[in-house]
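S.K.: Each chain, letter by letter, is given below.
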Amino acid sequence: MKRKYSIIINILIILISVLFTYAVVRSAAENSCLEIKEQYFDFITEIIAQKLETGIDAGIDINNYYGIDEIVENPALQDGDHMKVIVLNEKNKPVAANFELTAEKLADVFMIDHKHETEFADVNGNRVLSQPFAAKNGIGHIVLIYDKKYYSYIDTRHPVSYYKTTVSNISSLVLNNIAADVKALYDKGLRPDDILDMEDYFNEKFSDFGLIDRINMGYDTKGISVFKCSEGEFNINMDIDQDYVNKTYIHILLSLMAAFIICIMIVIEFLPVRKIINSEAYKYQKENSYFPTYIRFISFFVYLAVYTSLPYGAIIINSRGESIFGLPVSLCASLPISLEAVFLLLTLSISPVIFKKTSIKRYTLLIGLCTVIPAFICFVFSNIYTIIICSIFLGITQGLLKYLMNYLASICSETPEDISVNYGQFNIGILTGITVGGSLGSITAAAKGYTYVYMATAFIMLIITIAALIYMPYEHIKQNRYKQGSEDRYSYSGFFLVFLKTPSLLINTIFSVGVVAVALMYIIAFMPVALDVKGLSPMVSTYGFLIYGIAGNYISGFLLNKARVLSRKTAAIISMLIIAAAVLVIIPDINAITITVASFLAGLFDGFGSPSVTSALLNIRKAKKLDSSLMLTGTALIGGIGNAIAPVIYSTVLYSGNLNINLCLLFAFFLFSGIYIFRMK
Amino acid sequence: MKRFIIFIVIFSFLCGCSRTNKLALESSQQYIDELRSNTYEPCLRSDGQKFKVEILSVDPHISTALFYYFFNELQNNGWITMDEELPFTPDDVYTEDMAEYFSQHCTDGFIDITNYYDMSSEDPADYKKSIESHIDENSIDMLICIGTDAGIIGKSLSSGRIPVLVTSSVSPVASGITNDSDTSGIHNLWAIILSSSYVNQFILYKKTFDFKNLGMIYFDEVFSGMSDYSDIASKTDTKISSIKMNEDGLLTKNAENYYSEYKKNILTLVNEYNIDAFMINSSMVTDENKAEEICNMLHNMGIPVFGQIGDEFDRKGSPLMSVTFSVEDDAGYLVNAMAAVMNGKKPEEIPQEYDYALHVSINKRAADKLGIEISDNMLEYADRIYY
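Chains A and B are the protein sequences, given in the same order.
The first sequence runs contiguously to residue 681 in my numbering.
The second sequence runs contiguously to residue 387 in my numbering.
Next comes chain B alone, as it looks inside the complex:
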């Protein structure tokens, strides 16, 4: 009896000693269960058929890289199987050729991309009719929309009948595609929200050069992300001085007049509004030589220029600093959301906002000229450095 009691005491003690391990195991199991509930494996429809997905794109220029990485991600995640390695890169292929290649070389999988619509080259009536009829016939399970206008049309055509996923829209909330930024608030709609990316970009620029009065010229508040910039500016005790301009001259043969007026507006911002920094908008200045001219002009006046989101300025590196987002990130997030919907989650339940890694370009010559010290950390972090 004594020995038995001693054994029980020692055993209980040792069990107690391993309590820490047990707790840790329970916590980690809990975490794994949570993680698994947010991980989605490739699957077929309930009738055993592949999901049918159609893509509506505003502009092939926007969608080429996205398309490329989208298919890459589908393959990486097991949704499609290709019979060979991709023989092209995003820069040397057209979107429609890519779509055709994928339809020919996709040997197996869980989804079929049944149609690709290019809004810039096709008649709106045609693609709208096609999409609507496919929805009526139940021969489409999901519509992916690339661009704001595509998202607006997709939302309207679906009328809540099929899931619509929207990407590459500057401001889905402001444009009315979704109701909210955390989740869409519309049961069949989901969109990638970039608003925090504008915020992150703004913070990064302000940490590099602590401007107090940022000048901006824009043509549309939504497409320029003005509400997001104004919001973060007010939180960081920064003023935004802005001038709204008509973009019509940009697309006509009077581009010279347009840029003259643009420069005049800049000078107004400098002389009357006393800006100490300027954000150059890639949709307002599309000519990279003009962009370089404008940046040099402002840098000579001691006013740093920051590039708004987009890789348009990356080729010449004219602004002091510019930020791009990787479309690869976009594609990955899109595939995740698509997988969630196909596994039964409602689009309105999927979070829309996430942070992109910022890809930074720095103009070292401009920084030296302006006397702005770019930290060594930032130089290491940057993707491109120009002079």
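Chain A extracted, bound-state conformation:
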């Protein structure tokens, strides 16, 4: 029986991995195809806008422009079932459309908040392109509203070959479009030599069209024939930007590799648990030795679920320009992660109370529901309010989970070494979960859009909650619980009293652990948003998280071993230099390479720097005088506050003032902390 289950599970894992990888590659190809098509729509609407502007330059008032309906009858945009074309005047009122105007169809148009530049947006499941043009008394817009699914749909099983076909089709459409315009010029009387002089003018129309490098015109050259004249056959041809196409292929390949790595990491985390489920010891729930594996498994999957979406709330809020209570958008964008950290801290302090009043199974269910429901609601009703509330619940989830894992680590350990091993596995689970979750979120965002990350979070959390409810050895835990009793590990009031009496210790804690807490949020609160600000692909974020995880999980362990020969202070200073270097490397430019290096350094810092600095603090004279659990409570509190304010700091760095200057200040801040640690007594 067990062997059968084992085979079935193996097959399922392989199948899901293959399907997931295929889905990722397909989505990458779909998005690439959609991108080219959207460039084409952008190109067409720019031409229409140009024609309108020329007429308006001649004094036409768009509100009384009889014959404007012809403007929207461009054949390229005539797929009436899947695309609505509408011209808006400077007051955002429709003046022409290619569809029957009804309130429901127009509602999409009225929901769009136009900015005075070309803009793509997602509204009610449709894709919207808003192309501005200069009207007499303001800015009008040509708006395309089209079915994203229809235009991104790949109707073959071979996404890459479909992409090739799309490139060919779109370039033909563009060439035919230009050919028609050139023919029109010839038909209205312009001489071929004068048409040739307009080659640069036509090429300017492609300045935003990444796929196309250049249009060439000439007599008896290769390409399509536009007309025949005394000089010969007037032809036009097109040079595709091969770099652009190659970049797409590389992007698809990177997506494939990232998906593959993520699948391997998930399988690696899953395999040990599978063994346990099949074992006799689990069946009779007798062994504590399997708990490190449970702890790592659950913490990995929960953090995977949480970090699939947590870093991306800021990006969604920024991209939509949403705000609440009249706060600046950049500040609102930092609220999700800040509030997540605050509520994590608050939940940690009240978790013991909740835990005492309920069974472990219900507590586990609560952890799951605290993520599944808000994440699902956030996916369905995506706006700034649901994003913030979802982030709060993600913080609550982590707080509840941390308490449970710490509790399990202590009561299911027979010796102090076991406790250390269990805590270690918990931390590995967290780090690996963040790594894979962050990468998975990036891939999901790149493939389907940012709102889908919440769907992924809800789905993963649902699976892990069900798995935990079925497979956790609750009887065994209950027995241990009755044996040892629950412990209340946190006492913030005690911590406050002590620190009020020793303000220098508080300052030391702030400038060491507090700064570390800010630095730890670099990969989550800074990196994805910085990439978005610079317009870099989410794929860079994917690999950023992966490299961060590899550096943090494997290389930092090696460093920690080597650092045993150094004093704690020296190790702490080195770790602050590492995080300072992570900022320094991106000051000249934030690009794929510098972010990758920064992510590597941030991963090293996470695995090596955090324990080093905490250890350095606990080793100073004043800290040694206090109870270690009290100090740990204090560091947890200050660390939590540091986590909470970190997103605000990083938002300010990214959005306020000069970015390079802000990054220099951040570098100086981390460097200062290293110097301060050096002088701590």
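Derived from the structure by calculation, the hints contain no laboratory data.
Heads up, some of the hints might be wrong.
[As the list claims (entries may be wrong)] Okay, derived cross-link-like pairs now, DSBU-like style, lysine-lysine, Cα gap no bigger than 30 Å in a straight line:
id	chain 1	residue 1	chain 2	residue 2
1	A	Lys188	B	Lys369
2	B	Lys212	A	Lys105
3	B	Lys50	B	Lys128
4	A	Lys228	B	Lys364
5	B	Lys207	A	Lys91
6	B	Lys206	A	Lys51
7	B	Lys128	B	Lys345
8	B	Lys235	A	Lys136
9	B	Lys128	A	Lys188
10	B	Lys22	A	Lys149
11	B	Lys207	B	Lys264
12	A	Lys681	A	Lys501
13	A	Lys183	A	Lys51
14	A	Lys91	B	Lys235
15	A	Lys93	B	Lys52
16	B	Lys290	A	Lys188
17	B	Lys50	A	Lys228
18	A	Lys569	A	Lys534
19	A	Lys188	A	Lys228
20	A	Lys148	B	Lys22
21	A	Lys136	B	Lys207
22	B	Lys207	B	Lys364
23	A	Lys448	B	Lys22
24	A	Lys164	A	Lys105
25	B	Lys364	A	Lys222
26	B	Lys244	B	Lys290
27	B	Lys235	B	Lys206
28	A	Lys136	B	Lys364
29	A	Lys93	A	Lys183
30	A	Lys148	A	Lys91
31	B	Lys364	A	Lys183
32	A	Lys51	B	Lys345
33	B	Lys206	A	Lys136
[Unchecked claim] Label pairs and their in silico Cβ distance ranges:
id	chain 1	residue 1	chain 2	residue 2	range
34	B	Asp368	A	Glu199	17 to 23 Å
35	B	Ser234	A	Ser168	37 to 43 Å
36	B	Ile372	A	Ser168	38 to 44 Å
37	A	Gly326	B	Lys22	19 to 25 Å
38	B	Ala255	A	Glu199	56 to 62 Å
This structure is a prediction, so every number in the text was calculated from the model and none was measured.
All C-beta atoms in this analysis are idealised placements derived from N, C-alpha and C, irrespective of residue type, glycine included.
Based on the hints, put chain B in the right spot on chain A.
M.R.: Just chain B now, with coordinates in the frame of chain A:
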């Protein structure tokens, strides 16, 4: 109770989240309602009979194309139904033949064109008497007047009793047909106002070549649109130097003398008034060969020539740039106004001014000779390019 409260909280929250959608829907519904109030479907008279419409035209040459597109628009908007596709184009049919064809092939509809009067060939007493008697007998519901003189007569004959719609009048306000340009100010009168079109044309020419002193020769201020040109010239810091001339010589056998005098006046404008551009008026220069001669003369002197509104110069493309309006646009606007009146709106409530799309012709050879760069945008926008 707890669950109920939680449900209410979540539900309210979700309702709040969809607030944005609701607002958008309300705004769009408001817009649709506004739009519908300005859209007019074909309808019959209150007694269930078809509307009876008569047409008074100054000149069949003006009205042929307009007539053609007018009937096309009526058919497109459902006011009439024809039993076959039109077998002619505006260029190969006479207006009276068209009128007869429509009366024979119109199978169904909401209006009847009961009479067509051509002022250039009919005795004024006859058509005036006919129109008046039809008004007295209530056998006419609307009079459409094509041309300024037709509009003046139509206004006088109607005496406010029936709606009169006027089109193809150069300046209805200056000629006294209507009181104002936004709306007519006369309860039964409506006219298409083109004044902004002269303005738009002027702006377009000035953007192409930034002239400071534009020369014009005219015979009648109203028909030449002088007040509109003067108005926009003053707003754009441009001077207009003009000479009024008698057009009588144009219609007699002394056309050569007329054109000699015309050229003399041009030279006066060039040498004494120091013009740097010239607007050639299609009613002053009707011979396209003479127009070409005059344009070449001025271009050789380095003075660009712009054609005033009309397609008379389009055939040879002599001026540097000329602008025409599409009569098709005219017809569409006329049908809209007619539909509004038949749906109960008063003519004085209907806006009169609107902007035509400018159809531009460019003389590339002249532009190259004068060293004027025509933008690539304008070349693409233009309808015709000559050399």
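S.K.: None of the hints should be skipped; say for each whether it holds.
M.R.: Cross-check of the supplied hints:
Annotation: proposed proximity of lysine 188 of chain A to lysine 369 of chain B holds, straight-line Cα distance about 20 Å (limit 30 Å). In summary, the hint linking lysine 212 of chain B to lysine 105 of chain A is not supported, as the alpha carbons are separated by about 50 Å, beyond the 30 Å threshold. With a CA separation close to 23 Å, the supplied pair lysine 50 of chain B and lysine 128 of chain B stays within the 30 Å bound. Between lysine 228 of chain A and lysine 364 of chain B the CA atoms are separated by roughly 21 Å; this keeps the pair inside 30 Å, and the hint holds.
Only pairs whose Cα atoms come within 30 Å are accepted, and lysine 207 of chain B paired with lysine 91 of chain A is accepted, the gap being roughly 26 Å. Distance hint between lysine 206 of chain B and lysine 51 of chain A is fulfilled; the C-alpha atoms sit about 19 Å from each other, no more than 30 Å. In summary, the hint linking lysine 128 of chain B to lysine 345 of chain B is supported, as the alpha carbons are separated by about 27 Å, within the 30 Å threshold. At most 30 Å may separate the alpha-carbon atoms for a hinted pair to count; lysine 235 of chain B and lysine 136 of chain A meet this at roughly 16 Å.
Distance hint between lysine 128 of chain B and lysine 188 of chain A is unfulfilled; the C-alpha atoms sit about 45 Å from each other, more than 30 Å. Between lysine 22 of chain B and lysine 149 of chain A the CA atoms are separated by roughly 24 Å; this keeps the pair inside 30 Å, and the hint holds. Between lysine 207 of chain B and lysine 264 of chain B, the direct Cα distance comes to roughly 29 Å. Compliance with the 30 Å bound is thereby established for this hinted pair. Of the pairs offered as hints, the one joining lysine 681 of chain A and lysine 501 of chain A holds, with about 17 Å between alpha carbons and a cut-off of 30 Å not exceeded.
Taking the CA atoms of lysine 183 of chain A and lysine 51 of chain A, the gap is near 17 Å; set against the 30 Å cutoff, the hint holds. A hinted pair counts as satisfied when its Cα atoms are at most 30 Å apart, and lysine 91 of chain A with lysine 235 of chain B qualifies at roughly 26 Å. As the CA atoms of lysine 93 of chain A and lysine 52 of chain B are separated by approximately 36 Å, the hinted pair breaks the 30 Å bound. Straight-line distance between C-alpha atoms of lysine 290 of chain B and lysine 188 of chain A comes to about 24 Å, which keeps the hinted pair within the 30 Å bound.
For the proposed pair lysine 50 of chain B and lysine 228 of chain A, the alpha carbon gap of about 54 Å is over 30 Å, so the pair is violated. The hinted pair formed by lysine 569 of chain A and lysine 534 of chain A fails the criterion: a straight-line CA distance of about 37 Å is larger than 30 Å. The hinted pair formed by lysine 188 of chain A and lysine 228 of chain A meets the criterion: a straight-line CA distance of about 15 Å does not exceed 30 Å. Using a Cα cut-off of 30 Å, the hinted pair lysine 148 of chain A and lysine 22 of chain B holds, with the two alpha carbons roughly 23 Å apart.
Between lysine 136 of chain A and lysine 207 of chain B, the direct Cα distance comes to roughly 15 Å. Compliance with the 30 Å bound is thereby established for this hinted pair. At most 30 Å may separate the alpha-carbon atoms for a hinted pair to count; lysine 207 of chain B and lysine 364 of chain B meet this at roughly 16 Å. As the CA atoms of lysine 448 of chain A and lysine 22 of chain B are separated by approximately 26 Å, the hinted pair is consistent with the 30 Å bound. Among the hinted pairs, lysine 164 of chain A with lysine 105 of chain A is inconsistent with the structure: their alpha-carbon atoms are about 34 Å apart, more than 30 Å.
Our distance criterion of 30 Å between C-alpha atoms is met by lysine 364 of chain B and lysine 222 of chain A, whose separation comes to about 29 Å. About 19 Å separates the Cα atoms of lysine 244 of chain B and lysine 290 of chain B, which keeps this hinted pair within 30 Å; it holds. A threshold of 30 Å between alpha carbons decides the hint, and for lysine 235 of chain B with lysine 206 of chain B the separation of about 12 Å falls inside it, so the pair holds. A distance of roughly 28 Å separates the Cα atoms of lysine 136 of chain A and lysine 364 of chain B; the hinted pair therefore holds under the 30 Å criterion.
Simply put, lysine 93 of chain A and lysine 183 of chain A have alpha-carbon atoms about 35 Å apart, too far for the 30 Å limit, and the pair is violated. With a C-alpha separation of about 27 Å, the suggested pair lysine 148 of chain A and lysine 91 of chain A falls inside the 30 Å cut-off, and the hint holds. Restraint check: the Cα-Cα separation between lysine 364 of chain B and lysine 183 of chain A comes to about 17 Å, which is no more than 30 Å; the hinted pair holds. For the hint linking lysine 51 of chain A to lysine 345 of chain B, the alpha-carbon distance of about 35 Å lies beyond 30 Å, and the restraint is violated.
Annotation: proposed proximity of lysine 206 of chain B to lysine 136 of chain A holds, straight-line Cα distance about 17 Å (limit 30 Å). Range check, aspartate 368 of chain B to glutamate 199 of chain A: about 18 Å between beta-carbon atoms, so the 17 to 23 Å window is met. A C-beta distance of roughly 57 Å is found between serine 234 of chain B and serine 168 of chain A, which places it outside the suggested range of 37 to 43 Å. Remark: the range hint 38 to 44 Å for isoleucine 372 of chain B to serine 168 of chain A is upheld by a beta-carbon distance near 42 Å.
At about 22 Å, the CB distance of glycine 326 of chain A to lysine 22 of chain B agrees with the hint of 19 to 25 Å. For the hinted restraint 56 to 62 Å between alanine 255 of chain B and glutamate 199 of chain A, the CB-CB distance of approximately 47 Å leaves it violated.
Consistency with the previously given hints fails for numbers 2, 9, 15, 17, 18, 24, 29, 32, 35, 38, ordered from lowest to highest.
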